[in-house]
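Each chain, letter by letter, is given below.
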Amino acid sequence: NAGVTQTPKFQVLKTGQSMTLQCAQDMNHEYMSWYRQDPGMGLRLIHYSVGAGITDQGEVPNGYNVSRSTTEDFPLRLLSAAPSQTSVYFCATWKGQASGANVLTFGAGSRLTVL
Amino acid sequence: GESVGLHLPTLSVQEGDNSIINCAYSNSASDYFIWYKQESGKGPQFIIDIRSNMDKRQGQRVTVLLNKTVKHLSLQIAATQPGDSAVYFCAEKRGGGSYIPTFGRGTSLIVHP
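Those protein sequences? They're chains A and B, same order as listed.
Counted from 1, the first sequence has number 94 at position 94 by my numbering; the numbering is strictly sequential.
Going from the second sequence to my numbering is simple: count from 1 and add 1000.
Only chain A is shown next, with the shape it has when bound in the complex (with noise of 0.2 Å):
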C-alpha cells in the first residue's frame, strides 16, 4: 500500500519554466490538498480538492493550478516558474467528514528550487 506518492523528489527550474508536481494516492480518500513549506512559515494550503472534478484556492494559490479527474490524482502546475516559489510542497490526502476521517496522510515531499 504506497499511500501518497510525490514526484519528483527535487527539480531545479529556471525562472519562466513550467512543470507539474504530481500526486497520487491508493486510499480512495475524496480529499486532496497541496501545502508549500518554508522555513519558519510552517505548511500553507495552495489549492485543495472535495473529490473529483472540484478544487478551490487555499491560502497562497497565486501562479499555481491544479485538477482532478480522478479520484487517485492531484497535480500541481506551475505555469511560469519564480524564485518566490522555491519551496518544499507536500500533497496530503483525506477522506473526509466522518469520525477519524479527518487525519492527514502526506507525501514524502517534493523540494523545488527556482533560479
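Bear in mind the hints are in silico, worked out from the structure with no lab data behind them.
Be careful, since some hints might not be right.
Claimed, not checked - With a cut-off of at most 25 Å between alpha-carbon atoms, the simulated SDA-like pairs for lysine to any residue come out as follows:
no., chain 1, residue 1, chain 2, residue 2
1, A, 95, B, 1018
2, B, 1042, A, 75
3, B, 1068, B, 1039
4, B, 1037, B, 1018
5, A, 9, A, 45
6, B, 1042, A, 49
7, B, 1037, A, 70
8, B, 1037, A, 22
9, B, 1042, B, 1071
10, B, 1071, A, 9
11, A, 95, A, 40
12, A, 95, B, 1039
13, B, 1068, B, 1042
What the hints assert, rightly or not - Now the in silico label distances, taken between C-beta atoms and shown as ranges:
no., chain 1, residue 1, chain 2, residue 2, range
14, B, 1024, A, 57, 21 to 31 Å
15, B, 1082, A, 3, 36 to 46 Å
16, B, 1052, A, 52, 45 to 55 Å
17, A, 111, B, 1010, 21 to 31 Å
18, A, 65, B, 1016, 47 to 57 Å
19, B, 1015, A, 96, 16 to 26 Å
Glycine is no exception: its CB is placed at the ideal position from the N, C-alpha and C atoms.
Since the structure of chain A is provided, determine the placement of chain B on it from the hints.
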C-alpha cells in the same frame, strides 16, 4: 483573523525529560484537533488527536490536553528520546462544513542526549 499558532518555535530538552509543546487556537467553534510530527526530510505524520468534548487524551508516551476556556492545546511527551526530535504541528478542524486543515508554524523539538 482566525489562526492556529504555536507559542515557541524551538524547544530544547535533555533525553529523558518530559516535553511540553503548546498551541493556541482562536476559533471557539473548532471541534477537533490533531498533532503531527515531521521528521527531517519527511512529510508530517499523525501522532494523536482529540475532540472538543474531551479535555485529555493519552497515547503511547504522548498526552494531549485541551483547554477550551483559554483556547489552548498542548502535547506532552514523556521520557523524551532523541528520536522525538522533529517539528511538531497542531491542526484544528473548524466545526461544520468541509474540513480543510490549516496549520500553525510548528515547534522544533531538539532532544540532547
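Next pair to validate is residue 95 of chain A with residue 1018 of chain B; report whether the Cα-Cα distance is within 25 Å. violated, 33 Å
Can you confirm whether the C-alpha distance between residue 1037 of chain B and residue 70 of chain A stays at or below 25 Å? violated, 29 Å
Do residue 1052 of chain B and residue 52 of chain A keep their Cβ atoms within the hinted range of 45 to 55 Å? Given about 31 Å between the Cβ atoms, the range is violated.
Restraint status (C-alpha distance of residue 1068 of chain B to residue 1039 of chain B at most 25 Å): Distance of about 29 Å is beyond 25 Å: violated.
25 Å limit on alpha-carbon distance, applied to hinted pair residue 9 of chain A and residue 45 of chain A: Roughly 19 Å separates the two Cα atoms, so the pair holds.
Okay, residue 1082 of chain B versus residue 3 of chain A on CB: inside 36 to 46 Å? violated, 26 Å
Holds or violated: residue 1037 of chain B to residue 1018 of chain B, with C-alpha atoms at most 25 Å apart: Status holds; Cα separation ~16 Å.
Residue 1068 of chain B paired with residue 1042 of chain B [C-alpha distance capped at 25 Å]: Violated - the C-alpha atoms of residue 1042 of chain B and residue 1068 of chain B are around 31 Å apart, more than 25 Å.
Holds or violated: residue 1042 of chain B and residue 75 of chain A, Cα atoms, limit 25 Å. holds, 20 Å
Residue 1037 of chain B and residue 22 of chain A were given as a pair; does the straight-line alpha-carbon distance stay at or below 25 Å? holds, 23 Å
When you check the alpha-carbon spacing of residue 1071 of chain B and residue 9 of chain A, does it fall within 25 Å? violated, 37 Å
Decide if the proposed pair is consistent with the structure: residue 95 of chain A and residue 1039 of chain B, CA atoms, cutoff 25 Å inclusive. Within the cut-off at roughly 24 Å; holds.
Checked against the numbered hints above, the structure violates hints 1, 3, 7, 9, 10, 11, 13, 15, 16 and 19; every other hint is satisfied.
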